[in-house]
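Take 1346 as the starting number for the sequence shown in this note's numbering and just add one per residue.
Just so you know, these hints were derived from the structure itself, not from any lab. A virtual CB, placed ideally from N, CA and C, is assigned to each residue, including glycine. Keep in mind that the hints are not guaranteed to be accurate.
Said to hold, decoys possible - Computed cross-link-like contacts, SDA-like style, restricted to lysine to any residue with a CA-CA straight-line distance of at most 20 Å:
1. LYS1547 / LEU1536
2. LYS1661 / ILE1649
3. LYS1547 / GLU1372
4. LYS1665 / ASN1595
5. LYS1474 / PHE1442
6. LYS1484 / ARG1370
7. LYS1516 / LYS1594
8. LYS1388 / SER1466
9. LYS1484 / PHE1442
Stated by the list, open to error - Beta-carbon label-pair distances, calculated as ranges:
10. PHE1400 / ASP1441: 34 to 42 Å
11. ASP1637 / GLU1372: 43 to 51 Å
12. PHE1400 / ALA1658: 24 to 32 Å
13. ASP1637 / LYS1444: 41 to 49 Å
14. ASN1438 / TYR1600: 55 to 63 Å
15. GLU1650 / LYS1568: 39 to 47 Å
16. LYS1568 / GLY1472: 41 to 49 Å
17. ASN1438 / SER1598: 53 to 61 Å
18. ALA1435 / GLY1457: 37 to 45 Å
19. LYS1568 / LYS1524: 36 to 44 Å
20. GLU1618 / LYS1444: 46 to 54 Å
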Amino acid sequence: MIFINKDSLDPWFNLAAEEYVLKNRSEDIFMLWQNTACVVIGKHQNAMGEINAQFIAENNIPVIRRITGGGTVFHDLNNLNYTFVTNCQAGGNQVDFKKYTLPVITYLQSLGVPAQISGKSNITVDGLKVSGNAAHVFKNRTIHHGTLLFDTDLNLLENIIQPSMQDFDSKAIPSVKAKVTNISSHLARPLSMPIFTERLKKHIQRHFQHEQSAQFTVEEREKINALANEKYKTWDWNFGYSPDYMLTKNIESDYGVFRISLSVHKGIVAKCEVEGLHNAHLASLLIKLLKDSPHYPGPASRKIENFASIDPALLKGLEKILHQLI
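Use the sequences and the hints to build the structure in full.
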């Protein structure tokens, strides 16, 4: 098993690197890596149903879809990610969370942290989640990867990841909300993130009895960057790949309480229906603003600029309504 140092904090590059290694390398590989602040959603999730979209948009926090299933997670520089990409046999035990969480658990235990596997793929400490794991099979290779909450701002995490799937009618896979804790709060002795990471690397190398290390070549980095640009930085992948969904919400406004239903296809509002709003002009404007717009903060609001003659009071009302929808 070869350790590859990605030497990158770029979340788009790092997620693209996993896919590149899965599909273009033949060796068993593991990686430890960190991202600058971002939200990473599971392959089959509805992005808008998992996040606090207004907060994320206002703070320029990217939302990126990964190739594995599972739930939504928050990455930052106080979180560590680990990845194993290995060869497997068709029909065999291609996904084995216990095998690849075991060295992580034994490492944490060696630091005095009473870690254990919980459910199918989580690592918990005193019943609180510190790691979520996911996997994906491609031909004869499997990727297992997970997060490690080391010293993340848990209040920020709570504010960013706010599942609201109760408002959505969709076949998307919702996140399972769990109480979390930081590993740093349970260490027998304080450790810095760099030391924690280096010791984990050595522990995993000893566990699998391989100590070979490598870096991506210049050519590989170019291919990974191309994949990041062509896929991981695109609306079509991060939001458009969401399964079709219907969002229905009761809206409180200066014009009374009414209902809006949005039918969203590939991240774009394909149909908008307004019920119970007794201001026909406002209802018509809402439909014009929302239909054919990406379902995300900003696009529909920017269309308001096309209606220069709108009464200021009506304009303010529209903005309040849009804020509740997205």
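For each hint, the structure was consulted:
1. LYS1547 / LEU1536: Roughly 15 Å separates the two Cα atoms, so the pair holds.
2. LYS1661 / ILE1649: The given pair, whose Cα atoms are some 11 Å apart, holds under the 20 Å limit.
3. LYS1547 / GLU1372: 19 Å, holds
4. LYS1665 / ASN1595: 13 Å, holds
5. LYS1474 / PHE1442: 15 Å, holds
6. LYS1484 / ARG1370: 12 Å, holds
7. LYS1516 / LYS1594: 18 Å, holds
8. LYS1388 / SER1466: With Cα atoms ~16 Å apart, LYS1388 and SER1466 stay inside 20 Å; holds.
9. LYS1484 / PHE1442: Answer holds: LYS1484 to PHE1442 is near 18 Å, not above 20 Å.
10. PHE1400 / ASP1441: 34 to 42 Å: Roughly 37 Å apart at Cβ, these two residues keep to the hinted range, so it holds.
11. ASP1637 / GLU1372: 43 to 51 Å: Roughly 47 Å apart at Cβ, these two residues keep to the hinted range, so it holds.
12. PHE1400 / ALA1658: 24 to 32 Å: Once the Cβ atoms are compared, 27 Å apart, the range 24 to 32 Å for ALA1658 and PHE1400 holds.
13. ASP1637 / LYS1444: 41 to 49 Å: 47 Å, holds
14. ASN1438 / TYR1600: 55 to 63 Å: The hint (55 to 63 Å, Cβ to Cβ) holds, given that ASN1438 and TYR1600 are roughly 59 Å apart.
15. GLU1650 / LYS1568: 39 to 47 Å: For LYS1568 against GLU1650, whose Cβ atoms are near 40 Å apart, the range 39 to 47 Å holds.
16. LYS1568 / GLY1472: 41 to 49 Å: Since the Cβ atoms of LYS1568 and GLY1472 sit about 43 Å apart, the hinted range of 41 to 49 Å holds.
17. ASN1438 / SER1598: 53 to 61 Å: 55 Å, holds
18. ALA1435 / GLY1457: 37 to 45 Å: For GLY1457 against ALA1435, whose Cβ atoms are near 41 Å apart, the range 37 to 45 Å holds.
19. LYS1568 / LYS1524: 36 to 44 Å: 40 Å, holds
20. GLU1618 / LYS1444: 46 to 54 Å: 50 Å, holds
Of the numbered hints listed earlier, not one is contradicted by the structure.
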